[in-house]
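Can you make the complete structure from the sequences, with help from the hints?
Under numbering that gives the first Met the number 0, the first residue of the sequence shown carries the number 0, and numbering increases by one thereafter.
One or more hints might be untrue.
Said to hold, decoys possible - Estimated spans, in silico, between C-beta atoms of each pair: (1) Glu-97 with Ile-3: 14 to 20 Å; (2) Arg-218 with Glu-58: 39 to 45 Å; (3) Tyr-123 with Pro-198: 31 to 37 Å; (4) Trp-5 with Glu-97: 50 to 56 Å; (5) Leu-263 with Arg-218: 33 to 39 Å; (6) Thr-21 with Ser-49: 36 to 42 Å; (7) Arg-175 with Thr-79: 45 to 51 Å.
If you're looking for bench data, these hints aren't it; they were derived computationally from the structure.
Beta carbons: idealized from backbone N, C-alpha and C, even for Gly.
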Amino acid sequence: MTSIDWTLILGTAAEVVDQYDTRVTLRQLFYRLVAAELLPNTQSAYKRLSARTAKARREGSFPALEDRTRSIHRTLAFETPAEALDVISCNYRRDRTEGQEWNVYLGVEKHGLVNQLTHWFDLYGLPMLALGGYSSQTLVDEVRHDVHADGRPAVLLYAGDFDPSGIDIDRDFVERTDCFDQAIRVALTADQVDRYNLPPQMGKATDSRSGAFIREHGRLVQVELDALPPDTLQQVYATALDPFWDTSTYNETLQIEEEERQAL
0 MTSIDWTLIL GTAAEVVDQY DTRVTLRQLF YRLVAAELLP NTQSAYKRLS ARTAKARREG
60 SFPALEDRTR SIHRTLAFET PAEALDVISC NYRRDRTEGQ EWNVYLGVEK HGLVNQLTHW
120 FDLYGLPMLA LGGYSSQTLV DEVRHDVHAD GRPAVLLYAG DFDPSGIDID RDFVERTDCF
180 DQAIRVALTA DQVDRYNLPP QMGKATDSRS GAFIREHGRL VQVELDALPP DTLQQVYATA
240 LDPFWDTSTY NETLQIEEEE RQAL
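Right under this line is the structure:
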């Protein structure tokens, strides 16, 4: 790749940030720029993007990014009891999955994408899982217990990276939990990599799963889920959810919820 034009990069990066309806992490921004073939997929390029965007933000010429590893933690407090009651009333919610035939879980490999999933689908009250790589036995046990306690048939709609480990993480999770009636990988797939023209990076030959990946896909590559545009990611989840979601039942639940909220 030729020398980097940082004026062009920062202008394009700001446009990418504006495409999201939630704040974007530096990692998400980086992989979108890599996917657009504007930056090489190297640690050096990542660090330079971090430094350049930080400088531009200090100068007031670049939109804010999100740091999901560092934040202010403050206990919720109220000035008056009336204020507390008002907050409770405004935030009152029923289980919005009540009456649905399926118990649907939205899963994602990256913790950084949970904020987007929440922004898009929290209105449905669906449980969300960030596997963060191969899951701990603690999470496996917790999910299995949660599914069994609910009693409905369960389905997992999952998105992860397209690489040897990325396509194996959900298989491992579903196998170990042994509680999902259906598990659907909504992204990334080989077809999506081609359809959305996501440029692959060289995969890790040291990955023990690389042999099986090459046999199935013909080459060893790595494509980050973060490279998929946000509207596309939202749509693939929504399309996968549709067969498992009864809108009329959901609307009835919302009506009951509103009546109960007014009674508080």
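Evaluation of the provided hints:
1. Glu-97 with Ile-3: 14 to 20 Å: Given a distance of about 52 Å, which is not inside 14 to 20 Å, the answer is violated.
2. Arg-218 with Glu-58: 39 to 45 Å: Given range 39 to 45 Å: holds, Cβ gap about 43 Å.
3. Tyr-123 with Pro-198: 31 to 37 Å: 34 Å, holds
4. Trp-5 with Glu-97: 50 to 56 Å: 52 Å, holds
5. Leu-263 with Arg-218: 33 to 39 Å: 58 Å, violated
6. Thr-21 with Ser-49: 36 to 42 Å: 20 Å, violated
7. Arg-175 with Thr-79: 45 to 51 Å: 49 Å Cβ-Cβ, so the 45 to 51 Å window holds.
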